[in-house]
Every structure is written in structure tokens, then in C-alpha cells.
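Residue numbers (the UniProt record's numbering), protein chains in the order written: chain H, 1 to 154; chain L, 1 to 194.
Hints in this document: simulated from the structure, not taken from any laboratory. Where hints are given, some of them may not hold.
[Claimed, not checked] Derived list of chain L stretches under chain H, where covered just means 3 residues or more per stretch with a C-beta under 8 Å from a C-beta of chain H:
#1 53 to 59
#2 66 to 76
#3 103 to 115
#4 171 to 184
We put the CB at the ideal spot given by N, CA and C, even for glycine.
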Amino acid sequence: MFSTRLFCLTVFLVTTFLIGCSSGDPEKEPVILGKIELSDGWARPAAQGQSSAVYMSISNGTASRDSISNIASPIAANAGIHETYKGENGIIGMRPAPGQVIPSGEDLYFKPNGLHIMLMKLKEDLAVGDSIDVDITFNRVGTHSIRVPVKVQQ
Amino acid sequence: MKNRPIVFMLLAGLFCLATACSNPDVIPNFEDTNFSLVNEDGSAVNFPEDFKGQTSVITFIFTHCPDVCPVITANMKNIQSQLADTTGIQFIEISFDPERDTPSVLAKYKKLYKLNEQFSLLTGQPAEVDSLLSKLEITAIKTRVDSLHRDSSEYAMKHSNTIYIMDEEGRIRKEYPANVVPPENVIEDLQKIR
């Protein structure tokens with residue numbers, strides 16, 4: 001009799017504890033120290049329907065590594081990370097390079113001739129002097145946005 | 001004393017090797033072949049015949065190229081701007097992608113990158129352009145932009161990354177990796193060749 005009561009009490013307490021842990025209360029979300037910063041962004045001009053490249057620096061000032069899960073821009077039908085690579089006989093090509101990881105305290109650079117953000121199938125012309133929004137979603141810290149100017153590399 | 005002929009032959013061999021290394025290499029040769037192209041104005045161009053008499057800096061691009069080709073064009077402009085005297089020098093960009101790079105598209109590209117009258121942007125019938133690229137040992141292969149894209153009109157290209165110097169007689173004399181060569185390296189050779 002006593003052991004049955006003890007068993008029921010244990011089940012009740014464990015269940016209550018588990019419900020409390022999974023309640024989704026914002027105050028119980030993990031605390032992220034530091035922040036991720038996007039800076040020095042710019043995009044290349046391109047015509048509607050074509051692709052543009054976006055360059056910037058991403059600084060991971062949080063205590064943990066993070067990775068990029070998605071990239072979007074209102075101006076493009078598709079967006080993603082690509083890299084320019086050198087193949088055999090000096091041939092230059094471009095290929096998708098998703099899932100970039102940024103260790104804690106380190107920077108990731110998108111720059112000409114290397115990693116870059118590709119905005120594909122532009123919905124309108126991108127002209128020098130325009131500004132566009134780029135949304136980068138990280139696995140840990142969520143989505144960060146940056147507005148970048150459109151300019152020509154000198 | 002007995003070894004003198006051998007030493008002489010060795011020295012002669014080294015001299016020949018050194019001479020060969022220091023002279024500008026002659027790379028592809030047009031062998032009097034000409035190609036019918038059009039420039040960004042839509043005017044007919046006979047290449048290389050119409051460009052003889054001046055020294056040419058030649059590169060290859062396509063205007064849908066979002067990353068490397070603008071770097072190459074910027075490098076061409078830097079070569080031009082760092083030359084103390086551009087008299088007798090012309091700059092030529094030939095499209096890998098004649099299907100999409102019509103003269104009007106090239107004209108927009110020229111305006112966008114503020115390329116002056118010393119620049120000629122060339123395109124033409126695809127078969128003619130392919131023939132020229134083959135003659136110049138330039139490779140260009142269509143690739144999918146993204147594995148999710150199924151639209152065949154949407155393509156990128158993997159391609160050679162080349163700047164050539166062509167002399168006044170239409171001979172290709174020097175070759176460089178277009179997106180990374182320091183302008184001063186090209187300028188040094190231009191001063192010798194022109």
C-alpha cells in the first residue's frame with residue numbers, strides 16, 4: 001500500500017518537473033552571451049532576372065559557435081552561399097557552399113574571389129546607389145538583417 | 001683542357017635556356033585567321049586584324065557572372081589607370097557567353113563599369129566566338145547556378161581566367177591569371193612589348 005502511494009507520488013513529481021521544463025517560457029530559454037554582428041556589406045549591381053553577389057563580414061561575439069542555416073532577401077527569388085574556386089588548368093568556377101560555421105570569437109568574410117552570398121533571379125534591377133536588405137538566419141541566434149549599398153568594385 | 005668542349009656546350013645550353021625563359025612566350029598563334037565579331041555598338045569587327053597597330057590587353061568575361069568577372073574588369077581598369085601613358089594601348093573584353101551578351105547588354109556593362117573609349121567589348125555568333133576561344137585556348141563551360149534550378153536558361157559558367165597581351169602585329173605575347181595578377185606586372189611587360 002505504502003509502496004503504491006510512493007510510486008504514484010514519484011510519477012506525479014517527475015511529470016510535473018518535465019512539464020515545467022518544456023513549458024516554452026521565454027525566461028527559461030538559454031541565455032546567449034555576446035552577439036553576432038554583420039558589417040561592411042555591399043552588393044554588386046545586376047539586372048532583373050540576373051544574379052548579384054553580396055559581400056560582408058560576420059563577427060561571432062557569442063560564447064558558442066554558430067552556423068548559417070538560411071539566407072534570404074526580398075529582392076531575390078533565391079539566395080545562398082557560394083564560393084569561387086580554382087579548378088584544373090586555371091579554370092575558375094562557382095559552387096554552393098552552404099552551412100558555413102563561425103567559431104566563437106571568429107569572423108567569417110564574404111569577399112570577391114571567394115565566399116559570397118548569391119542573390120539569384122533578381123525581382124528588379126539593382127543599380128549603383130540602391131540599398132537592399134539581406135536576412136541571415138543562424139542556428140543559435142536566429143535571423144539578423146543588414147541593409148547593404150549597391151556599388152561597383154574599384 | 002680536355003673538358004673544354006663539354007664546359008662550352010654546357011654554358012651554351014644554359015645560355016639558350018636563360019634566353020628562352022626571359023623572352024616573352026609566344027602562346028596561341030592566329031596564323032592569319034580572322035574572326036567576325038561585333039562590338040558593344042553593334043559594329044562589325046575583324047579580330048585580330050582591326051586591332052593590329054596597337055598593343056592590346058585582352059580578357060574574357062560574361063556579364064551574368066556575379067563574382068569573378070567584375071574583379072577581372074576592375075583589374076583591367078586598374079591596369080589602365082596605373083599606366084603612366086596609355087597611348088597605343090587598347091583594352092578588349094571578349095564575352096564567353098554570346099547567347100546572352102548581345103551588343104546592347106555589353107554596352108550596359110561598359111557604362112556600368114565606366115569603361116572609356118579605349119575599351120572594346122566583343123561578342124558575335126556563338127559558333128564564331130567558340131572558334132575564337134578555342135584558337136586562344138580559352139575554356140568556357142555552362143554550369144547550373146544552383147542544384148535546385150531546373151531552368152536551362154539560368155546558367156553560370158566555369159571558365160579560363162586569363163589576360164593576354166597581344167602585340168601590334170596581332171601575336172599573343174604574355175598570359176596572366178586575370179583576377180589576381182598585380183597590375184604592375186602587366187604594366188612592366190606592356191612597357192617592353194609596345
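Against the structure, the hints:
1. 53 to 59: Result for this restraint: violated, n = 0.
2. 66 to 76: holds (count 6)
3. 103 to 115: holds (count 4)
4. 171 to 184: Satisfied; 3 residues make the cut.
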